[in-house]
Amino acid sequence: MRQQLDYLKETPSQTAGPYVHIGLAPGAAGFDIYGQELGWDIAGPNAKGERIRIEGTVIDGMGSPIKDVLLEAWQANADGIYAHREHPGDVEEGFRGWGRIITDFETGEWAFETIKPGRVTGADGKVMAPHITLWIVARGINVGLHTRLYFEDETDANATDPVINLIEWERRRKTLLARRTERDGKTIYRFDVKLQGEDETVFFDI
Amino acid sequence: MKPGPFYQRDRQWQPPALTPDYKTSVSRSPQYSMISLETTVSETTGPVFGQNDLDPLDKDLLSNYAKPGESPIGERIILHGRVLDENARPVPNTLVEIWQANAGGRYRHKKDTYLAPIDPNFGGCGRALTDEDGYYYFRTVKPGAYPWRNWVNNWRPAHIHMSIFGTAFAQRLITQCYFEGDPLIARCPIVNTIPDPDAVEQLIARLDLNATIPLDTIAYKFDIVLRGRRSTLFENRPEGN
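As they're listed, the protein sequences go chains A and B.
Sequential numbering of the first sequence, starting at 1120, is according to my numbering.
Sequential numbering of the second sequence, starting at 63, is according to my numbering.
Worth flagging that the hints you see were computed from the coordinates, not collected in a lab.
A few of these clues could be false.
[To be verified] Partial chain B-side listing against chain A, Cβ under 7 Å, derived:
| # | residue |
| --- | --- |
| 1 | S89 |
| 2 | E137 |
| 3 | K172 |
| 4 | G185 |
| 5 | C187 |
| 6 | I256 |
| 7 | I275 |
| 8 | R289 |
[Unchecked claim] No more than 25 Å apart at the CA atoms, straight line, and that leaves these computed lysine to aspartate or glutamate pairs for DMTMM-like:
| # | chain 1 | residue 1 | chain 2 | residue 2 |
| --- | --- | --- | --- | --- |
| 9 | B | K172 | A | D1223 |
| 10 | B | K204 | A | D1151 |
| 11 | A | K1167 | A | D1198 |
| 12 | B | K172 | A | E1174 |
[Stated by the list, open to error] Listed below are several chain B residues computed to face chain A (Cβ distance under 7 Å; list not exhaustive):
| # | residue |
| --- | --- |
| 13 | V103 |
| 14 | N212 |
| 15 | N215 |
Predicted model only: the values in this text are computed from it and were never measured.
C-beta: ideal position from N, C-alpha, C; glycine also.
All chains should be modelled from the sequences, with the hints used to inform the complete structure.
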């Protein structure tokens, strides 16, 4: 008998299209259907840590904000623990660490509120700087794009982060840093994702 | 054996970012190479969902937006299948979300202005968790084809959008399910972003007469495969450490 490798192939990806909100955020599409939409409370009310707001845009190659983009965020809690059985440690009751982010359809601006994640220790023992993983889908994006948001003010942690250090070019590393500002006593981080051009954001093939 | 990193995504099988026949991809495709990242704990973990997050009615698009005693217009179908990984193992308790146009090809979305009418009894979205064997099912109407602005005269084949989570953020996937026998499939610039004809076949649901409900609802079968992962057989020391 000839030996066979009987692996399956991953289902091919297709664009989320312009009406992704119907499936993932029907309220934004303009109708109320589910008892509870998923993804609108990333950290939950019991999460410890610094409450922050993150604002941004996703900009296309023409320099325009993408108004029909949808992002998903995945993050650890303030102690650097993911709400997942494979990551040892406990998270606060109600902390899921996952959220959905949609834009203002007129401006393309998006924002979400969460807590700042802590440093995460990987299975290999390496410590990563605080970061939020972002997954970006939209009309015209054939396979969802993975990137990471790091925090500009975590200078020391960022300097030793094993993922940032995979990026050879200093200038490109900066595309992953969210800029800290304050407004009305609240901490705001600004993160603009650029799909093309000189300051194209770093995307990961994970 | 411990679960390890995920198998590399096959970028020859998946559509590339830049596919000029699908015009919107031209200004939305990154131009620099992606940075290759062996999955870390941030990608081998992902959100977990439970029955408390859903209502059993969520998977029945024939009734989840219909007025009492009414139903949407269109061909009644069951869409069912399994979520597996590349090792052919079922992926249980994972969230599958779907959305689609109605039987006339119109979406219930404030940005869709196609002249086919909204169906008052059809919302067009559903969600379900797979069972312990990775099995899922929905009941809905078969969506209609519709025109879209790409070239002057492009028509989307009938399709249902699907979003699947798996157990890890590395497996996150959005795709579209097409229907066997549709002549628009081969002519669609979005389908044709996929270079390999065998990969396109993986997106075409098969008529499944055995799963129909006689005199009631016809059925299509659509299995979904998420990325698989290595097992850690030996502890190793990565190069450079």
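> Honestly, which of those hints from before does the structure not fit?
Replying inline: 2, 7, 14, 15
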